[in-house]
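Chains as they are written, first to last, in UniProt numbering: chain A, 1 to 512; chain B, 1 to 122.
What the hints contain is simulated information worked out from the structure, not anything from laboratory work.
Fair warning: this is a prediction, and the values are worked out from it, not measured in the lab.
Cβ atoms here follow ideal geometry from the backbone N, Cα and C, with glycine treated the same way.
Some clues are possibly wrong.
What the hints assert, rightly or not - With a cut-off of at most 25 Å between alpha-carbon atoms, the simulated SDA-like pairs for lysine to any residue come out as follows:
1. A:Lys24 with A:Gly408
2. A:Lys347 with B:Phe90
3. A:Lys24 with A:Ala451
4. A:Lys396 with A:Thr284
5. A:Lys396 with A:Phe226
6. A:Lys24 with A:Ile45
7. A:Lys396 with B:Pro115
8. A:Lys24 with A:Gly144
9. A:Lys363 with B:Arg111
10. A:Lys24 with A:Pro445
11. A:Lys347 with B:Arg111
12. A:Lys423 with A:Lys396
13. A:Lys396 with A:Gly408
14. A:Lys347 with A:Tyr469
15. A:Lys423 with B:Glu114
16. A:Lys423 with A:Phe226
17. A:Lys347 with B:Pro115
18. A:Lys423 with B:Phe90
19. A:Lys24 with A:Gly107
20. A:Lys24 with B:Phe90
As the list claims (entries may be wrong) - Computed footprint of chain B on chain A, listed as stretches where at least three residues anywhere in the stretch have a Cβ under 8 Å from a Cβ of chain B:
21. 72-83
22. 165-177
23. 227-238
Unchecked claim - Cβ-to-Cβ under 10 Å is the rule here; a few derived chain B residues that face chain A:
24. Ala38
25. Ile57
26. Gln74
27. Thr98
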Amino acid sequence: MSWVLASPIIIPFATAVLSFLFRKGPEGRWLSVLGSAALLIASGILMAEVLAEGVIAAQMGQWAAPFGITLVADLLSAVMVVITGITGLAVSIYALADIDERKEALGYHALFQVLLAGVVGAFLTGDLFNLYVWFEVMLISSFGLLILGGQRVQLDGGIKYVTLNLVSTILFLAGVGLLYGMTGTLNMADLHGAVQDIENQGLLVVVAVMFMVAFGVKAAVFPLFFWLPASYHTPAFSVSAIFAGLLTKVGVYALIRTFTLIFTSDIAFTHTILLWVAGFTMVTGVLGAAAMNDFRRILSFHIVSQIGYMILGLALFTPLAIVGAVFYLVHHIIVKANLFLVAGVAKRIAGSTELSAIGGLYKTAPFLAVLFLIPAFSLAGFPPLSGFWAKYVLVKASLDIEAYWIAGIALAVGLMTIYSMTKIWGAAFWTPHPTGVEPSLSSLPARDRAALLVPIASLAVLTCIIGFYPEPFVAFAERSAAQLLDPSQYVATVLGEAPMVASGLAQLEGGQ
Amino acid sequence: MELMVAIMVGVLTAAAVHLMLARNVLRFLFGLILISNAANLTIFVAGRLTPQAPPLIPEGADAPIGDVANALPQALVLTAIVIGFGLFAFALTLVYRTYQNLGTLDSDEMRLAEPREAEDKA
């Protein structure tokens, strides 16, 4: 049992060590691909286990629940780990052609695998302090990846990324400290019960807002998003893609986890803030995208606006809305990573990501155009692609509780998304190349072509599958939402048969 | 004792915010170091301060006898200090490299990743 939970964390770490040892030769990159494939298999096993048994938990070193380190997976964690495996594999195949030997020698593959380990750890941990540690694992490897190569523009973007993320981490740490002081426990399942015994519930709301800000920076919500479009367009395309797919979503995951499990005492206050944040995030993100003229910067601003939709699902806090948030999360990771991968191929064959400097991709590389259209339309919410169902569920959820204004915003932002996607389409694909170059896929070496296009095509197929057969995915999201809204099974599994609620606190007070 | 630590956390945070509002990236970094120490102290004081007895378990017993210091926040703070130290070492190197490459520490002049033309057009 504990191996099922631990292996998705151990595999990428082991792969990181191996690929670092072999970083000077071609073995390193193949080890990275193998490791990602193994991670995907391990996550599949984990998923099967969770589907069969409900929530599963393991205590590391056999220390009983509120005292030891707990790994726990419910449906949401499991699906996030599976998605991490899928994007990890896709990007590490893509990296075969995208990452040059200099970056490999600097340890690209090792950092990439550590990043995957950090992300998976954050999804699987059952303990707030460990969540902090996994965040740090993720952060330090992402810092390394972001500035790998040391171009001036990377250093500039890196400064903003590093400083803002450090501030958020410190805020998170302080929040963890205060919460520990109030409850005497850091185990999330134990906290679920312990926070109800706090006499001064107002203090709890203060801590809740601290967590909201800290995770909000990670998730890049309004008004804390500005580090993201300042940095995500600077590193290698593989790095952009994995950041865009996974990193901000860890913030969203942490928000969903804490604000369904721990901070539910004053929903009227906290979730109203989240609702406003969601609205502003959607609008500012899409307006920023409309103002940009660079392929990757437009996509970066889209991440921001899409995060708004997921927060919207959490903020509405009805069963249907949580279904929407979970579905959106899964759909978005695939689509967004894929769009950045497409941007990388466009850069390779057309020479730039600046929209005014490229063109003609539709005429000479129609296959790439199709591969761009699938995720782009899905992101904008065209039926019957995956984004349509995600948006449909969220809009339906807001109409159900008569929040018409937020439904209106969600729909309008969808339209604006199409506008900026049309901008990319018009400039990069439709108009002729300004310098008369005829970009074509056949200009790439055959090996590079396979490594670049296979992941993109597979992710596009996955998007189509979710779009055309949404039923099992929605049913899954429904089960996951039910688990999130009624965490009794989660709590019981983590704490064992007889939950020792707030036992830590009793000891603390005794120690006074 | 706890009150004094709490006041110290407040003073550290205030000084840190003052430093972090500066445009100079190095000053920002120093502010970050101060505020991270404030966060560590917060965890430490949140575990209740018991200055007399170390949390040692006598031979043959399963639990410490009498009132002892809470060991968990100390472990947490130790972890946080180590992690924080690593991050600051990285951040300092990054700032140094950026200074070498861009020739400035003023965050307003760091516009490479977000060129100004984009704003002028809009």
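Against the structure, the hints:
1. Taking the CA atoms of A:Lys24 and A:Gly408, the gap is about 54 Å. The hint is violated against a cut of 25 Å.
2. Restraint check: the Cα-Cα separation between A:Lys347 and B:Phe90 comes to about 30 Å, which exceeds 25 Å; the hinted pair is violated.
3. For the hint linking A:Lys24 to A:Ala451, the alpha-carbon distance of about 20 Å falls within 25 Å, and the restraint holds.
4. Restraint check: the Cα-Cα separation between A:Lys396 and A:Thr284 comes to about 23 Å, which is no more than 25 Å; the hinted pair holds.
5. With a CA separation close to 30 Å, the supplied pair A:Lys396 and A:Phe226 exceeds the 25 Å bound.
6. Between A:Lys24 and A:Ile45 the alpha-carbon distance is near 33 Å, which puts this suggested pair outside the 25 Å criterion.
7. Simply put, A:Lys396 and B:Pro115 have alpha-carbon atoms about 40 Å apart, too far for the 25 Å limit, and the pair is violated.
8. Note on A:Lys24 and A:Gly144: the hinted pairing holds, with a Cα-Cα distance of about 18 Å set against a maximum of 25 Å.
9. Proposed proximity of A:Lys363 and B:Arg111 is contradicted: the alpha carbons are some 35 Å apart, above 25 Å.
10. Between A:Lys24 and A:Pro445, the direct Cα distance comes to roughly 22 Å. Compliance with the 25 Å bound is thereby established for this hinted pair.
11. Note on A:Lys347 and B:Arg111: the hinted pairing holds, with a Cα-Cα distance of about 22 Å set against a maximum of 25 Å.
12. Taken as a hint, the A:Lys423 and A:Lys396 pair is broken in the structure, with Cα atoms around 29 Å apart against an allowance of 25 Å.
13. For the given pair, A:Lys396 sits about 11 Å from A:Gly408 by alpha-carbon distance, which is consistent with the 25 Å threshold.
14. In summary, the hint linking A:Lys347 to A:Tyr469 is not supported, as the alpha carbons are separated by about 33 Å, beyond the 25 Å threshold.
15. Only pairs whose Cα atoms come within 25 Å are accepted, and A:Lys423 paired with B:Glu114 is accepted, the gap being roughly 19 Å.
16. The hinted pair formed by A:Lys423 and A:Phe226 meets the criterion: a straight-line CA distance of about 22 Å does not exceed 25 Å.
17. With a C-alpha separation of about 19 Å, the suggested pair A:Lys347 and B:Pro115 falls inside the 25 Å cut-off, and the hint holds.
18. Between A:Lys423 and B:Phe90, the direct Cα distance comes to roughly 38 Å. Violation of the 25 Å bound is thereby established for this hinted pair.
19. Pair hint A:Lys24 plus A:Gly107 holds up; C-alpha atoms about 9 Å apart against a cutoff of 25 Å.
20. Note on A:Lys24 and B:Phe90: the hinted pairing holds, with a Cα-Cα distance of about 23 Å set against a maximum of 25 Å.
21. Given as covered by chain B, the stretch 72-83 of chain A fails the check, having 0 residues with a CB less than 8 Å from a CB of that chain where 3 are the minimum.
22. Residue count for the stretch 165-177 of chain A with a Cβ under 8 Å from a Cβ of chain B: 9. That meets the three needed, and the coverage hint holds.
23. For the stretch 227-238 of chain A, the proposed coverage by chain B is satisfied: 5 residues have a C-beta within less than 8 Å of a C-beta in that chain, meeting the threshold of three.
24. A hinted interface residue such as B:Ala38 counts as satisfied when its beta carbon comes closer than 10 Å to some beta carbon of chain A; here the least separation is about 7 Å, so the hint holds.
25. Given the 10 Å rule on beta carbons, the hint for B:Ile57 is violated: about 14 Å separates it from the nearest Cβ of chain A.
26. Interface restraint check: B:Gln74 against chain A, minimum CB-CB distance 12 Å, threshold 10 Å, status violated.
27. Because the smallest distance between the Cβ of B:Thr98 and any Cβ of chain A comes to about 4 Å, under 10 Å, the interface hint for this residue holds.
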